[in-house]
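J.: Those protein sequence lines, which keep their order, are chains A and B. 1 is the number of the first residue of the first sequence in this note's numbering; add one for each residue after it. 1 is the number of the first residue of the second sequence in this note's numbering; add one for each residue after it.
The set of hints was computed from the structure by calculation and includes no laboratory data. Here a beta-carbon is modelled for each residue, glycine too, at the ideal position from N, C-alpha and C. Since no wrong hints were added, every one of them can be taken at face value.
In silico DSSO-like links for lysine-lysine, alpha-carbon gap of 30 Å or less:
#1 K169(B) - K13(A)
#2 K97(B) - K84(B)
#3 K115(A) - K157(B)
Anything over 12 Å on all C-beta distances counts as not near chain B; from chain A, calculated:
#4 N68
#5 M71
#6 I80
#7 N91
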Amino acid sequence: MLESSLISSHCKKQACVALSTVEAEYIEAGSCCAQILWLRQQLSDFGILLSKIPINCDNTSAINLFKNPVMHSRTKHIEIRHHFLREHITNGTCDIKFISTEFQLANLFTKPLAKDRFYFLLNELGIISLNCPLQ
Amino acid sequence: MLSQGYNHGTSNRTLFIKKKREDIIFVQVSVDDIIFGSTNEVMCEAFVEAMKSKFEMSMLGEMNYFLGLQVKQLKDGIFINQAKYCKELLMKFQMDKCKAINTPISISCQLDQDHVGKSVDQSKYRRLIGSLLYLITSRPDIMFVVCLCARYQSDPKESHYNAAKRIMKYLQGTKDVRLWYPNNVSLNLTGFSDSNFAGARLIGKA
Numbered sequence: 001m002l003e004s005s006l007i008s009s010h011c012k013k014q015a016c017v018a019l020s021t022v023e024a025e026y027i028e029a030g031s032c033c034a035q036i037l038w039l040r041q042q043l044s045d046f047g048i049l050l051s052k053i054p055i056n057c058d059n060t061s062a063i064n065l066f067k068n069p070v071m072h073s074r075t076k077h078i079e080i081r082h083h084f085l086r087e088h089i090t091n092g093t094c095d096i097k098f099i100s101t102e103f104q105l106a107n108l109f110t111k112p113l114a115k116d117r118f119y120f121l122l123n124e125l126g127i128i129s130l131n132c133p134l135q
Numbered sequence: 001m002l003s004q005g006y007n008h009g010t011s012n013r014t015l016f017i018k019k020k021r022e023d024i025i026f027v028q029v030s031v032d033d034i035i036f037g038s039t040n041e042v043m044c045e046a047f048v049e050a051m052k053s054k055f056e057m058s059m060l061g062e063m064n065y066f067l068g069l070q071v072k073q074l075k076d077g078i079f080i081n082q083a084k085y086c087k088e089l090l091m092k093f094q095m096d097k098c099k100a101i102n103t104p105i106s107i108s109c110q111l112d113q114d115h116v117g118k119s120v121d122q123s124k125y126r127r128l129i130g131s132l133l134y135l136i137t138s139r140p141d142i143m144f145v146v147c148l149c150a151r152y153q154s155d156p157k158e159s160h161y162n163a164a165k166r167i168m169k170y171l172q173g174t175k176d177v178r179l180w181y182p183n184n185v186s187l188n189l190t191g192f193s194d195s196n197f198a199g200a201r202l203i204g205k206a
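If we strip away everything but chain A, and leave its shape as in the complex, we get (with noise of 0.2 Å):
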C-alpha cells in the first residue's frame, strides 16, 4: 500500500510446510519484506527514500520472534533464510508493527470472506465501482 491505494499484492501458496500459525505467519511476513524491499528500490528511483517502512502483522506471536530471537522447541527449526525480515528490522530499513484482524486488508487474499467483510476491504484498498457502488 502507498498510502491509501494498493500498488503491489500476491497471494501464494508457501512452498514449505509450516508446523504452527506463528511459523506460517513468520514466513509470509518474510516474504512480504523482500516484495517491500523491491519498491522501496523502485521508489527511490522516482526520488522517494523511505526508511523504517511498517510490515503490518496480526499475529504477536510472530512479531516477538523477530523483535527477540529466542530458540526453544518450538522455533528452533525455522530455517535460517526465513530470518530475512529480522535482519532488515535490525538496519533499520522495516519495522514490523501489529495491526488488528479487523484492518488487517491482507486478510482479502487468504481466505474466502462473507459478503460484509469482503466490501469492507475493498473499500479499504481503494478498489470501487462507479456504477454500482459497492456496499
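Chain B: place on chain A using the hints.
T.: Positioned in the frame of chain A, the structure of chain B alone reads:
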C-alpha cells in the same frame, strides 16, 4: 537512450530516467509501447523529437489505454480498470448472460484435490484460468480465488470448474470495478502480511 543522457532504473531495467536540475523525466518501455511523463513539458517535447528522428512511431497523446489496461486520468486521481477485457472474457466463455453473485467464493467452500470428482476438459480449464490471471492486474479482489483455482490445473475436477464459474458470475456483476489512485497524498509505504494456516488443513501449507 543512454546516449541521450538517460539512466537505467535500479531494479527495473526498462525504466529510463533523466534529471535536469529540478525537473525529471521518466520513460517506461515495454516491448513496443512507451509511456513517459515529466515534471516539465519541454522535456517531454524534447523526448518526442528525439524518438521521432530515430524511429517511426505514432504519438497517441494522453494515456488512456496501455497493455490492456484502461486508464482514466482525472483532476484528483487516476482510475485503472480492465472492463473491456472483462467483458470479452465473459463472452469468450459464454458467461455473458449469467446471473450476478455478490462474492467470488462462498465462505463454506473448501477446495481440495477431489480424487473422486468427475474430470473436466483440462485445456478449457487452463484457458479460463489463464484469462483470469491476466485480469488480476486490476482486480485484486479475485486474486485469492483465482490463485486457489490455479493450483488444480494439472487435474481439474468438476468442483474446481464450478468454483471458477462462480468467479465469472461474480465478474458479471462487477465488470467495471476499478482501482483508484488519488492525487496529493503523502507517500508512505506500508506492508500488510497475513497467512491462513488453519485454512490449509490437508497439506499444512498456508
